[in-house]
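J.: Sequence:
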Amino acid sequence: VDTVIARIGAARVPSGGITAADLSAAPPPASSFAAVGGPSGHAASAPPTDNGAPPAPGRRLLASPAARRRAADLGLDLRAVTGRGPGGRIVVDDVEEHAAAADPRVAADVVEPPVPVPAVATAAPVGRGREAADLRPAVVAALVRGWQTIPHVNIGGELDAEGLVAARAAATSTPRVSYTDLLLLALARALGDVPELAATVDEDGRPTRAGRLDLSLAVATPGGVVAPRIVDVPALGLSGVARERERLVDAARGGRLERRDLAPGCCTLSNLGSYPVDFFTPVLSGPGACTVATGRIAERVVASDGLIGVRPRIWANVCIDHRAADGEAGGRLLQALERRIRDLPRTI
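For the sequence shown, the residue numbers in the working numbering are 1 to 348.
What the hints contain is simulated information worked out from the structure, not anything from laboratory work. Keep in mind it's a predicted model, so treat the numbers as computed, not measured. Where is the CB? At the ideal position from N, CA and C, for every residue including glycine. Among these hints, one or two may not hold up.
Said to hold, decoys possible - Just the calculated beta-carbon pair ranges, DEER-fashion: (1) 208 x 239: 18 to 24 Å; (2) 247 x 87: 30 to 36 Å; (3) 308 x 151: 37 to 43 Å; (4) 203 x 65: 42 to 48 Å; (5) 84 x 151: 35 to 41 Å; (6) 206 x 277: 32 to 38 Å.
Whenever a hint applies, use it, and build me the whole structure from the sequences.
T.: Structure follows, in structure tokens:
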């Protein structure tokens, strides 16, 4: 405090302090997401410059904060990305283009479904080969009906995400495990701890507890958001959830979902983690008793045991059909979800 530690420009800091040259030669600050490797788990080689030559030794990697977050989400080494921003700065578009060249599936980040609106329609009728554009009227009708007839209550909180980061780094299954897969598994286990939210609600407002933990996943399509069902998530395990998620996301975006894929789950996960989104409130369209909405994993300054540190955190919001349960149940679900996330590295 009140001490000069750096000056921007060519001037040196007096008394042998840090210099501008020292700062430019230093590596970028370490991120808690650095442990998350790419699909192969190996670091990529240093990127060539525009003329094909590698960057000069000691040259500082320039990247926007958004580009660093996106690269961490995709498991990319930024040293492999060519920056086309001012002064060679790496921006989000550079990361996306590099990912697209390496693996088109990674570029689309199907593991973190980009839901453009905080709403989910679980009752949209889809047949094999049906055009995705045909979904929009059914999606809108389901959302309007849900907004008008379902009493919503939202309970949100910021959760410790270290378990997610560690579990994804340790996962070696095929297809590549995503944060969405880990959230689905942790959420299913948490719903087992709060069974009143593992339920469906009929048109008369009567809740029925689910006999099996089937979860729906919000997926954006050209015709609107749909929520295909993953059956018996705890029994599938992490690799099974990843395979089923990949199948359903591909089918949803290709207009190949079948009616059985859209049977209702007891809860829906709506994840906007691939965008700079921390919090949003979804629209319940039933019959599932709740939707859990999650945002990005971001580093936050937090206090723990009297000490201040930087930790990965994620905001989660439980949107509950108030006919099925009270807000207190949402608080218990968030508590259980944080505990289940913390346990992921040793239970996957």
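J.: Please go over all the hints and tell whether each is borne out by the structure.
T.: Now for the hints, and whether the structure bears them out:
{"no.": "1", "hint": "208 x 239: 18 to 24 Å", "result": "violated (31 Å)"}
{"no.": "2", "hint": "247 x 87: 30 to 36 Å", "result": "violated (43 Å)"}
{"no.": "3", "hint": "308 x 151: 37 to 43 Å", "result": "holds (40 Å)"}
{"no.": "4", "hint": "203 x 65: 42 to 48 Å", "result": "holds (47 Å)"}
{"no.": "5", "hint": "84 x 151: 35 to 41 Å", "result": "violated (50 Å)"}
{"no.": "6", "hint": "206 x 277: 32 to 38 Å", "result": "holds (34 Å)"}
In summary, the numbered hints that this structure violates are 1, 2, 5.
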